[in-house]
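Student: Residues per chain, in single letters:
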Amino acid sequence: MNAAQDTGETLLERAPQALRDLLTSHLPEPWRWFANSLIAIVAILAVFGLLFAALTLAERKILGRVQNRPGPNRTGPFGLLQPIADGIKMLSKEDIVPRDADHLLHFLAPVTLLASSILAFAVIPYGRHLIPVELDAAVLYFFCVGATTELAVFMAGWSSHNKYSLLAAMRALAQLISYELPLLLSWLPVVMISGTLSTTGIVAAQSAWRWGWMPTWHVFTPWGLAGFVIFMVAALAESNRSPFDLPEAESELIAGHLTEYSGCKYVFFFMAEYFGMTALSGMAVTLFLGGWHAPLPSLEFIPSYVWFGAKLITLLMGFIWIRATFPRLRIDQLTRFAWKFLVPLALVNLGTTAFWSLSFGWTGPLLAARCTVAVILVVVPFVLLGRRLSSGLTPRTYSYAP
Amino acid sequence: MIHHPLELCLVFSSLLFCIGLAGALSRSNSILVLLGIELMLNAANLNFVAFWRYGPSPAPATGIVFVAFSVAVAAAEAAVGLALVISIYRRQRSIRLQEAVRLKG
Amino acid sequence: MTTALLILIALVTLCSAATAMLLRNLIHSVLLLIGSWIGVSVFYLFAGAEFVAFAQVLVYVGAVSMVVLFAVLLTRRSRADMAVSPDTQSRAVSAVLAAGAVLAVLLYAVLLTPLPSGISQGPSANVRQIGTELMGTHAAALLVIGMILTVATLGGVVIASTDGASKKEGPK
Amino acid sequence: MLGTGLLQGLAVTAKNFAGSFHDPKRLTTVEYPEKKSVIPEAFRNFPFLVSENAEDPMGTLRCVACQICEKECPPQCIYIEKSKDKKPDASGKMQIYPAVFRIDSSVCMNCQICVEVCPFDAIKMDHVYEIATSERFETLLLDRHDLAKPNSYFHQIRPLEAAEVDGRLTAERKAAEEKAKAAALAKAALAAKPAAPAPAAPPKPPEQA
Amino acid sequence: MSPFDASPLSPSGGAHVRSVVDEFHGDLLEVSMGPHHPSTHGVFRMIVTLDGERIVKLKPVLGYLHRNHEKIGESTSYLGSMPYTDRLDYLNAMTNNWAYALAVERLGGLAVPERAEYLRVILAELSRLQNHVCLAGFLLQDTGASGTPLMYAFREREKILELFESLSGSRMMCNFQRFGGCRTDASSEWLGQVSSLVNGFGAFLDEFEELITGNEILMARTQGVGVMKGPAAVSAGITGPMLRACGVGYDIRKVDAYGIYPRFTFRVPIGSHGDTYDRYMIRILEMRESIGILQQALRDIPAGPIMDPKAKLRGFRPKPGESYGRIEGPKGEIGFYLISDGSANPYRYRVRPPSFVNLTLLEDLCLGHTIADSVVILGSIDIVLGEVDR
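Line by line, the protein sequences are chains A, B, C, D and E.
As numbered in our numbering, the first sequence has no gaps in its residue numbers, which increase by one up to the final residue, 451.
As numbered in our numbering, the second sequence has no gaps in its residue numbers, which increase by one up to the final residue, 558.
As numbered in our numbering, the third sequence has no gaps in its residue numbers, which increase by one up to the final residue, 175.
As numbered in our numbering, the fourth sequence has no gaps in its residue numbers, which increase by one up to the final residue, 1053.
As numbered in our numbering, the fifth sequence has no gaps in its residue numbers, which increase by one up to the final residue, 758.
Bound-form chain A, shown alone:
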């Protein structure tokens, strides 16, 4: 792949593989493949299950701290056992299905949602050799699995036979139709530049160092930054997170599509939301933030999966931070934002990337020109589209009665 691979492989780096091989090396071939896959599945479920638990706690803790309160701190030291308590509480609750609900769909919705959000973990490279499934069209696979999530939300909303749920189902559909496009368009530039749909290939394309210290992550290019921002915004919408949490808008639709869910099924939805958020963040790390590569050459000795985890958690904290700050958009504003702002921006970004790709060999003063043009191509549409989008929305000055 690259030169770093040969030099940077410490014992720690190879630890996950070594552990796995220790367990399975004595097995005959088809069984060995089977065992390896099983280990990968169990490892992913365990790691992300734990991450889910930690994330729910972290979210509540961070929201608490942002809101100047300590957050959960009663169960265990510093409230660390809170996720377990929550889990026991949720799982021991009665599973209530409304009489008029569509029972089969009502049951299928959380299962579909959880299954598809877990499937998305299969193609993310977590470390130097840590990728569960090497696929040629991995990125395509990721987004085709992700596309089924809103279908599950629709199923949940429709089958519950509740008016709030039905409204949520409509919102979920509108949201998916609107945000699927910018999400797809935002990572196309990466594919254009890397020339591959495989996630390992995309990570490998970001492995070099410019001037010996600056990582060539895609986010450090003008088009990459724009793509990253568009991707993250669309990811917020895809994973139904604030400020795009319209399907479950608490202050309007009670809990939207979750209104009629309780107990284990509710946990499934909850898990799926966090899994989806995690998977999308992981994909963002892979596509734009250099995957598992260290940010500095001198830090390469730290195992690659640690870097991946660090980047992933940073992005997840960003999700929580945004949730703690922003109000929610309205459904028409949400779709307008997608169609009139994100999609044109992403399309322009494709052009910018084409320019960037064409001007690959430019050096000297031409290099400066290349950067300037690319920056202009990113900033000017942003400012212009943003101005159009927010026209009429201004802070006001007020007069006083005489």
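Check before you lean on any hint, since a few could be wrong.
To be verified - Below, a list of computed lysine-lysine pairs in the DSS-like style, where the Cα atoms sit at most 27 Å apart: (1) Lys869/D to Lys110/A; (2) Lys915/D to Lys439/E; (3) Lys527/E to Lys859/D; (4) Lys212/A to Lys427/E; (5) Lys212/A to Lys425/E; (6) Lys687/E to Lys915/D; (7) Lys678/E to Lys915/D; (8) Lys859/D to Lys869/D.
Claimed, not checked - Rough simulated footprint, nothing fancy, chain D against chain A, three-plus residues with beta-carbon under 8 Å: (9) 114-126; (10) 371-380; (11) 436-450.
To be clear, the hints were calculated from the coordinates, so they are not data collected in a lab.
Glycine included, every Cβ here is placed at the ideal spot set by N, Cα and C.
Given the coordinates of chain A, work out where chains B, C, D and E should sit on it, guided by the hints.
Tutor: Quick look at chains B, C, D and E alone, frame taken from chain A:
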């Protein structure tokens, strides 16, 4: 009776095509008719892939490329068709095909 | 082994498609059709056509089904509308007869066609090859498809939006 | 430019996040069962009956069952029955006492009007707030045994007010004693003569606190 | 047949399906929001008829918190009604008390000592601060801001409530004003606490505004939403910040000049659009004016008695007559109308609740907006159900 996977695939696709055809012919709900047509398109795509995979002279990727095109066309067809359905519904308050007989709004 | 798998895929796909066409509840029909689309894409995966399999799911499950569901919900006058009124018997019978005739012809053709006995190794088309072919051999077709998609999208938007304003205050 | 307001908001939340770890002005939570917030003296929650003596609370209630609070209580949650007999109060004078004094704590709204209208400083507002019970009826209807709390407790929860009340009461008692003494003297003087007028009325406490 | 057709949704499912079909009749969806809904501010209920997400009809349903307040007032002594007024608009016991005391004082011809007047102004303005900051928090919560602005608002409100508690004994049910003055005097220490709170409040407001006022999402959600025109508002009897947001500079503190308000210099902010954003901003600006009033009052407060010596606590029997006392409460004109027949109870006792009157235009504000807007519009009206239903 069926020895060759290609044969199996072709039977599969013929059956799928005919299910779609029967649906499109028998239902009066315009959305279901559209979905029947989508099924028929899918059956055709199945053939492309089947011939590409098991066919006598495999070309590198032509079958796949055709399926890609066909999927794109199907998507376009669905978009326009459903827009028409919504439009008809707005005028006639119904999506039954038997009632959509006026040629002028 | 492979044949059995193939038959299984085919059975699941055909059953869900047939049920979808038989059911009277529109939403159930759509969801079952989504199932059969997924079945078709599993067949693509089975045949080694990774790229189209994912494209199929992305387009059909991600986009087409959404549009269909949206259309179903938008054209709903009441919850009862979800259950489509049953179609006339004669219509169903004639449709089945017509489809059966077509099926007979197709099966006849398939079963009579001599196929090469040995299973060819099958080409493997990775994404790069598909891309090269799309951009090379079939570049013109790609452009045309792009045009069609654009026109279709614009047309869909125009059709769905223009007459809405005038007819909005129609009979309630 | 689009997004500046959003970024500003993010900066504020980040500031608050960091601030909540070191700035006591931002992290204002008092973690209740372990720590309790300081209750100001004026805090009022539920009335209690003041008794002079902790050993014999029923014998030394200040309440004379005048039923003013019963009449004035807006939600009418007080129920009093006068005693048939009289008992000596703290100053040794014979007084009627409440044979029954009940407050329905599920009705009481802690408005303090009973305290304000009481001419004898016999009912005061408490500082209790952990008064939840698991029963709906029995434990919520409090009788005089539950309500009586000694004056020392009153001093403990409301030192300023209690001192003021005690000062006033002792002054009144002194004045009453002096008046009684004077009356006794006058009586003695009158006793010398026949046809004495009726003895002076007992000292009437001021209408208003 | 498939397992799907066994579901009760299919037309053959059972008798109860009929009612389900009726509910979903037509293109319109009728949703009953409340009385248990996160955003109806208590037990308010809106029967909303939706076309998609757009509201074509909205019918408010009131009375879930009706407690017979006015009738009880006719059978309770004048003093006995005072704690009940706390429970009208339970966020603003202090101003409710004042309005009721004002009405009774007019009826009984009682004067209020200087110091008590100052105390009343201080408490009313503190009350206005905590009400408006709460309203801002609730409104932003309704727009979906995950509780952060609400928590900041409550952090500051708590400080004010603690001051109320240390003066009156209760955080919310203050029962503090009496006819002819106040119940207890404020120590200089308490006044010092007030002044340190007031001096810090401006900085809090600055931070709060930085957090959210310039937020594009908030502007998109509130600007142009629920526009109310001045004349409509006047003819509907709407008062308070709601009215001023429509550009009508009507403030009872200026118009009636009750109490000692003419001694203070303050301005009355007015909006120009009459939309939800204006209603939010007017409250922010009013808080800044209140800070100014509080600073002046704390500077000028004299020593002296706090009760009119003529005032009697018990056995208060005003001469036959009628009176109306109104003040500018945080939500608008809070007024009490009393008729005395010379007995210990009022012959007629009537409350003019600002929340209830301000709510009358709810449907007109919401029509044509989405269900999400209706929640925000309701939030910007600032209702308390204790006062609406009484």
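Student: Within the assertion that chain D covers the segment 371-380 of chain A, do at least three residues meet a Cβ-to-Cβ distance smaller than 8 Å?
Tutor: holds (count 4)
Student: Could you grab the alpha-carbon distance between Lys687/E and Lys915/D and see if it respects the 27 Å cut-off?
Tutor: Cα-Cα ~22 Å, so holds.
Student: Taking 8 Å as the Cβ threshold, is the statement that the segment 114-126 of chain A is covered by chain D upheld or broken by the three-residue rule?
Tutor: holds (count 7)
Student: Taken at face value, is the distance from the CA of Lys110/A to the CA of Lys869/D at most 27 Å?
Tutor: Since the Cα atoms of Lys869/D and Lys110/A sit roughly 18 Å apart, the hinted pair holds (cutoff 27 Å).
Student: For the pair we were handed, Lys212/A and Lys425/E, check the Cα-Cα distance against 27 Å.
Tutor: holds (16 Å)
Student: Under the criterion that the straight-line Cα-Cα distance not exceed 27 Å, is the pair Lys678/E, Lys915/D satisfied?
Tutor: With Cα atoms ~23 Å apart, Lys678/E and Lys915/D stay inside 27 Å; holds.
Student: Would the pair Lys527/E and Lys859/D pass a check requiring their Cα atoms to be no farther apart than 27 Å?
Tutor: holds (21 Å)
Student: Below or equal to 27 Å on CA atoms is what counts here, so check Lys859/D against Lys869/D.
Tutor: holds (13 Å)
Student: Is the hinted pair Lys212/A and Lys427/E satisfied, with a Cα-Cα distance of at most 27 Å?
Tutor: holds (17 Å)
Student: State whether the coverage of the segment 436-450 of chain A by chain D holds or is violated, taking the criterion as 3 or more residues with Cβ-Cβ distances under 8 Å.
Tutor: holds (count 3)
Student: Can you confirm whether the C-alpha distance between Lys915/D and Lys439/E stays at or below 27 Å?
Tutor: Judged against 27 Å, a Cα distance of about 18 Å means the pair holds.
Consistency with the previously given hints is maintained throughout, with no hint failing.
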